[in-house]
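Hey, can you work out the whole structure from these sequences and the hints?
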Amino acid sequence: MGDKAGGKGGAKSALKTPLSSGFELNNGSTKSRKGMNVQFEFEDRGGKRDKAANGGKNPVKKPTPPLQLRVEQELPENVTCLMDCEAAQVLEGIQEQMVVLSEDPAIKIPASFDKGLQRAKRGNNYTSLQSVQEVLQNLKKHGVADSELCLIANIHPESADEVFSLVPSLKGKKNKLLEPLNSALDELSKIECSA
Amino acid sequence: MFLKAQLQWNVIIPADNLDAKGLALQKAIIVRLMDEFAAKKATSSLGYFLAVTSLDKVGEGRVREHSGDVLFPVTFTCLTYKAFSGEVLEGEVHKILKHGVFIRCGPVENIYLSHLKMQGYSFVPGENPIFMSEKAAKIEKGVKLRVMVIGVRYMEAEKEFQAVANLDGDFLGPI
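Just so you know, the sequences run in chain order A and B.
If you read the first sequence in the numbering used here, its first letter stands for residue -5, the second for the next number, and so on.
If you read the second sequence in the numbering used here, its first letter stands for residue 8, the second for the next number, and so on.
Certain hints may be false.
[Said to hold, decoys possible] Partial list, computed: chain B residues near chain A (C-beta under 7 angstroms):
1. K11
2. Q13
3. W16
4. A31
5. T60
6. Y88
7. F91
8. I157
9. F178
Everything labelled a hint here was simulated from the structure, so no lab data went into it.
Treat the numbers as computed from the prediction; the structure is a model and nothing was measured.
Here a beta-carbon is modelled for each residue, glycine too, at the ideal position from N, C-alpha and C.
What follows is the structure, given as structure tokens:
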């Protein structure tokens, strides 16, 4: 998060690395004292690349691969993803009990509960949770992960292009998914509340 | 993204809450669990703790020497919220600065969208500063934006998450 990537359309890189890291400098670059930020101009040498502190990063900008959702790899055991509409149902149920719960001063409600509830309600634009789950289960049979299903439900996409653009991890299965996805989006649009 | 997690925690009940009838004991366990749950606030793996949804199992109590308290292993299900890298979410702008805006989404208050990730938008200073695009689209306080999260950081001391977002991309932008 702290690195800046410059050089759009060119061959410049801005590196914040002290000289002690031992990378080679190109002609026309500026040596600086240890710890100061420097800007380097790299020539495109075709096959040969300068070594940089971060391990030989190609100074000519390649298109960066789109950021992939990797929720399943990051989640601990016994943890599953929920769609906003599912979470809204659970949190609204708790809210209904809130009057009773708040009468007992010993019972503490987490500080994030209200914000979580508002968030879930805002994302819940469907008339029937069960129908959403049924529609998305069909996509699951085609290899769509739970986190990807949740993302699709939450963003209310209008087209398959929108899904593939916002969930790049599905692009690899585009041919296989296009038809079932279009069908699912059609079904979801029928059960969506008008805003 | 909302998460449902099944966790096992140890809940310690002071000796004076132990009741032969058992009903007060169950309540004491639940109250103590909810107290600890609320105090925990957030973890790096699960995000912000929102609510305990069910008490699944209460194990056998073990008496702790010296204090006389009893420790119960408790299995419960809870709801949490966490932002993930690569996730697309819709947040509300709540602060405008010269070099970017801050967006909130649910319990995550500090999602930073840099002006470098808002191509086509430029800062318009004033009493109510805004970002304005070439096509006259405005980003100001209260505007809802669809962004992609590109980085998330958990700060243990404050028990808060910070995130960095991107507006440059198809189907991203003001809603």
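Going through the hints against the structure:
1. K11: Interface hint status for B/K11: holds (5 angstroms vs cutoff 7 angstroms).
2. Q13: At about 4 angstroms, which falls below the 7 angstroms cut-off, the nearest Cβ of chain A leaves the hint on B/Q13 intact, so it holds.
3. W16: Violated, because the Cβ-Cβ distance from B/W16 to chain A comes to roughly 13 angstroms (cut-off 7 angstroms).
4. A31: 12 angstroms, violated
5. T60: At about 6 angstroms, which falls below the 7 angstroms cut-off, the nearest Cβ of chain A leaves the hint on B/T60 intact, so it holds.
6. Y88: 5 angstroms, holds
7. F91: 5 angstroms, holds
8. I157: 6 angstroms, holds
9. F178: 5 angstroms, holds
The structure does not agree with the numbered hints 3, 4 stated previously, though it agrees with the rest.
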